[in-house]
Amino acid sequence: MDIQTMTFLIVGATFVLYIGIAIWARAGSTNDFYVAGGGVHPVANGMATAADWMSAASFISMAGLISFMGYDGGVYLMGWTGGYVLLALCLAPYLRKFGKFTVPDFIGDRYYSQTARTVAVICAIFVCFTYVAGQMRGVGVVFSRFLEVDIVSGVIIGMALVFFYAVLGGMKGITYTQVAQYCVLICAYMVPAFFISILMTDSFIPQLGFGGTLADGSGMYVLDKLDGLSEELGFTAYTEGNKSMVDVFFITAALMVGTAGLPHVIVRFFTVPKVRDARMSAGWALLFIALLYTTAPAVATFARVNMINTINGEEMQGTEYAQAPSWVSNWEKTGLITWEDKNDDGRMFYSGDERNEMKIDRDIMVLANPEIAGLPAWVIALVAAGGVAAALSTSAGLLLVISTSISHDLLKRNLMPDISDKQELFFARLAAAVAVCVAGYLGINPPGFVAQVVAFAFGLAASSFFPAIILGIFYKRMNKEGAIAGMISGIVFTAAYIIFFKFVSPEANTPDNWWFGISPEGIGTLGMLLNFAVAIVVNKMTNDAPDDVQEMVESIRYPKGAGAAHAH
Amino acid sequence: MKKDDKTALEGYWRENLASMLGLLVIWFAVSYGCGILLVDVLNEIRLGGFKLGFWFAQQGSIYVFVGLIFYYVHRMNKLDRKYDVHED
Numbered sequence: 000m001d002i003q004t005m006t007f008l009i010v011g012a013t014f015v016l017y018i019g020i021a022i023w024a025r026a027g028s029t030n031d032f033y034v035a036g037g038g039v040h041p042v043a044n045g046m047a048t049a050a051d052w053m054s055a056a057s058f059i060s061m062a063g064l065i066s067f068m069g070y071d072g073g074v075y076l077m078g079w080t081g082g083y084v085l086l087a088l089c090l091a092p093y094l095r096k097f098g099k100f101t102v103p104d105f106i107g108d109r110y111y112s113q114t115a116r117t118v119a120v121i122c123a124i125f126v127c128f129t130y131v132a133g134q135m136r137g138v139g140v141v142f143s144r145f146l147e148v149d150i151v152s153g154v155i156i157g158m159a160l161v162f163f164y165a166v167l168g169g170m171k172g173i174t175y176t177q178v179a180q181y182c183v184l185i186c187a188y189m190v191p192a193f194f195i196s197i198l199m200t201d202s203f204i205p206q207l208g209f210g211g212t213l214a215d216g217s218g219m220y221v222l223d224k225l226d227g228l229s230e231e232l233g234f235t236a237y238t239e240g241n242k243s244m245v246d247v248f249f250i251t252a253a254l255m256v257g258t259a260g261l262p263h264v265i266v267r268f269f270t271v272p273k274v275r276d277a278r279m280s281a282g283w284a285l286l287f288i289a290l291l292y293t294t295a296p297a298v299a300t301f302a303r304v305n306m307i308n309t310i311n312g313e314e315m316q317g318t319e320y321a322q323a324p325s326w327v328s329n330w331e332k333t334g335l336i337t338w339e340d341k342n343d344d345g346r347m348f349y350s351g352d353e354r355n356e357m358k359i360d361r362d363i364m365v366l367a368n369p370e371i372a373g374l375p376a377w378v379i380a381l382v383a384a385g386g387v388a389a390a391l392s393t394s395a396g397l398l399l400v401i402s403t404s405i406s407h408d409l410l411k412r413n414l415m416p417d418i419s420d421k422q423e424l425f426f427a428r429l430a431a432a433v434a435v436c437v438a439g440y441l442g443i444n445p446p447g448f449v450a451q452v453v454a455f456a457f458g459l460a461a462s463s464f465f466p467a468i469i470l471g472i473f474y475k476r477m478n479k480e481g482a483i484a485g486m487i488s489g490i491v492f493t494a495a496y497i498i499f500f501k502f503v504s505p506e507a508n509t510p511d512n513w514w515f516g517i518s519p520e521g522i523g524t525l526g527m528l529l530n531f532a533v534a535i536v537v538n539k540m541t542n543d544a545p546d547d548v549q550e551m552v553e554s555i556r557y558p559k560g561a562g563a564a565h566a567h
Numbered sequence: 000m001k002k003d004d005k006t007a008l009e010g011y012w013r014e015n016l017a018s019m020l021g022l023l024v025i026w027f028a029v030s031y032g033c034g035i036l037l038v039d040v041l042n043e044i045r046l047g048g049f050k051l052g053f054w055f056a057q058q059g060s061i062y063v064f065v066g067l068i069f070y071y072v073h074r075m076n077k078l079d080r081k082y083d084v085h086e087d
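Residue numbers (numbering that gives the first Met the number 0), protein chains in the order written: chain V, 0 to 567; chain Z, 0 to 87.
Keep in mind that a hint or two might mislead.
Short derived list, chain V residues pointing at chain Z, Cβ under 10 Å [claimed, not checked]: (1) Pro-92; (2) Phe-209; (3) Thr-238; (4) Arg-278; (5) Met-279.
Subject to a maximum C-alpha distance of 25 Å in a straight line, what follows is the list of computed DMTMM-like cross-link-like pairs (lysine to aspartate or glutamate) [what the hints assert, rightly or not]: (6) V:Lys-501 to V:Asp-71; (7) V:Lys-242 to Z:Asp-39; (8) V:Lys-332 to V:Glu-356; (9) V:Lys-559 to Z:Asp-79; (10) V:Lys-475 to Z:Glu-9; (11) Z:Lys-5 to V:Asp-546; (12) V:Lys-475 to V:Glu-550.
Pairwise CB distance ranges (calculated) [unchecked claim]: (13) V:Thr-235 to Z:Gly-47: 21 to 31 Å; (14) Z:Glu-86 to V:Phe-499: 44 to 54 Å; (15) V:Ala-495 to Z:His-73: 42 to 52 Å; (16) V:Ala-495 to Z:Asp-39: 28 to 38 Å; (17) Z:Ala-28 to V:Thr-4: 45 to 55 Å.
Please keep in mind that the hints were generated in silico from the structure rather than gathered at the bench. Each residue gets a CB set at the ideal place from its N, CA and C atoms; glycine is no exception.
Model the full structure from these sequences, guided by the hints.
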């Protein structure tokens with residue numbers, strides 16, 4: 000059976016599975032729709048959180064990014080996992096005990112202020128839309144490469160599917176579909192990694208093979224070989240990296256804190272029955288995420304060695320183009336690999352200096368990896384299904400936050416407090432439907448800034464939500480004046496820095512012009528510190544939070560009496 | 000709330016903060032410490048084919064993170080019982 004048929008079969012089978020689960024887990028009430036009835040088992044919630052969190056970017060792009068960044072790629076690995084420690088220790092149990100549906104709920108009630116609630120709603124919607132546009136694009140890319148439909152049809156198929164189960168099932172439908180999607184995506188990631196580890200190293204476990212010796216009998220360590228190759232070809236040694244230490248530090252911190260402040264991640268901890276379960280499911284979530292995140296750097300290393308060997312040949316003289324394996328021409332068609340024969344010798348050559356003749360898009364590393372390693376057709380089909388699962392699960396989670404923010408935080412808590420549960424559910428579905436269409440439109444006509452705004456989303460979450468929530472829990476006298484002033488100064492500062500370097504004068508975006516050597520990707524950390532400082536100073540100058548609010552803060556510190564998440 | 004309860008709960012909160020801060024120190028030490036600030040020093044040491052600093056940045060810190068959360072869960076479950084604030 001050829002790759003094409005195989006891909007249709009496997010991707011089709013996963014779609015049937017998702018739809019079946021969606022029909023089984025329909026939502027009957029707003030409670031089901033927003034927090035899955037609050038009865039999800041911690042292990043299931045951990046899987047769903049992991050699938051929610053690992054987007055098309057984690058699945059498709061991350062290993063590729065690392066393989067081009069070497070040591071610097073660690074910022075993503077540590078940044079996107081370390082945030083869960085903050086979540087489990089400092090946020091999840093208390094927010095669960097607080098027992099409402101959304102992050103703006105917490106901000107609005109804790110700071111007894113509609114203004115604070117509105118600021119939080121706007122941030123949440125903005126963060127989610129920037130994110131979801133990228134996901135829809137990811138669905139489109141996978142469809143167009145593996146199913147050979149154009150990107151527009153790919154996006155429409157993806158939209159239809161998400162529409163079906165998010166609008167019908169709400170959080171309940173999404174949670175159980177995400178459990179299935181996690182299983183698909185982790186298999187799709189691990190199977191090729193095992194195969195390649197066996198082929199290249201002395202161990203079948205990629206995490207060990209990565210630090211083991213090469214299977215070619217030379218007895219050389221994989222990483223030493225890659226460091227040697229990199230330096231010979233004019234790159235920095237793979238294990239060294241190019242970024243300054245201060246920048247690596249700030250980017251890692253911004254990603255960690257941003258992770259802990261992202262509304263679609265936080266909301267997952269409202270779906271479990273108890274405070275104890277909220278802590279536990281953060282642990283399971285990170286364990287499931289860690290499976291992929293510790294494999295990714297191994298995949299990155301293998302892919303880079305493989306790629307250099309294939310293109311430059313064993314003798315490092317370049318491979319004749321006529322002899323190139325078929326994946327080179329397959330990906331050349333998509334424009335993601337280009338070769339320009341500068342010295343007219345008919346041989347391809349890849350390097351970090353003037354000898355270089357190749358342009359290779361980092362996004363193909365994971366998708367092309369099975370082809371590069373010559374793995375069987377079903378593995379390639381599985382990778383396609385995994386990419387689709389990663390993109391769909393994340394988009395669904397984000398769309399739900401958008402619809403909840405609109406129907407619950409904006410309509411029910413702000414504009415139309417008198418609507419019934421049934422009407423609210425109707426508005427939630429309507430908002431989800433509209434959000435799917437907007438996301439689809441953004442996926443088909445991506446604004447040029449999609450790639451840039453990812454840094455924006457994390458920076459914003461880090462500099463706005465995180466300090467407000469932390470202070471709300473651990474500093475009970477914090478008042479609304481302090482919190483609002485802090486959130487606004489954090490966001491404005493971070494946004495201004497990013498907008499200046501990314502949009503106003505991108506030509507000035509060099510380390511010499513950055514403050515303290517901090518790139519726009521890392522500036523959210525500084526914004527967060529500013530938020531904390533402003534909030535505390537303003538709080539000192541104004542009256543403390545009223546007694547009843549302080550009492551509420553006391554009560555969320557103790558697990559007893561959490562009960563199910565409730566409306567009000 | 001009775002006065003005794005209140006003192007007991009303050010004890011619970013203090014112990015909670017102490018273990019939380021302790022674990023956050025480890026969290027900081029493995030990622031920002033070993034993986035970033037001390038990376039050049041640790042890279043002099045080898046762990047099989049890995050330079051140790053590089054290993055912390057790309058593998059080690061993630062394993063420690065997972066361990067930290069499960070340890071915290073375990074500790075807090077015991078603490079909840081000790082102060083009788085556990086759920087049913």
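Tested hints:
no., hint, result
1, Pro-92, "holds (8 Å)"
2, Phe-209, "holds (8 Å)"
3, Thr-238, "holds (4 Å)"
4, Arg-278, "holds (5 Å)"
5, Met-279, "holds (5 Å)"
6, V:Lys-501 to V:Asp-71, "holds (21 Å)"
7, V:Lys-242 to Z:Asp-39, "holds (13 Å)"
8, V:Lys-332 to V:Glu-356, "holds (17 Å)"
9, V:Lys-559 to Z:Asp-79, "holds (9 Å)"
10, V:Lys-475 to Z:Glu-9, "holds (14 Å)"
11, Z:Lys-5 to V:Asp-546, "holds (16 Å)"
12, V:Lys-475 to V:Glu-550, "holds (8 Å)"
13, V:Thr-235 to Z:Gly-47: 21 to 31 Å, "holds (22 Å)"
14, Z:Glu-86 to V:Phe-499: 44 to 54 Å, "holds (49 Å)"
15, V:Ala-495 to Z:His-73: 42 to 52 Å, "holds (44 Å)"
16, V:Ala-495 to Z:Asp-39: 28 to 38 Å, "holds (34 Å)"
17, Z:Ala-28 to V:Thr-4: 45 to 55 Å, "holds (52 Å)"
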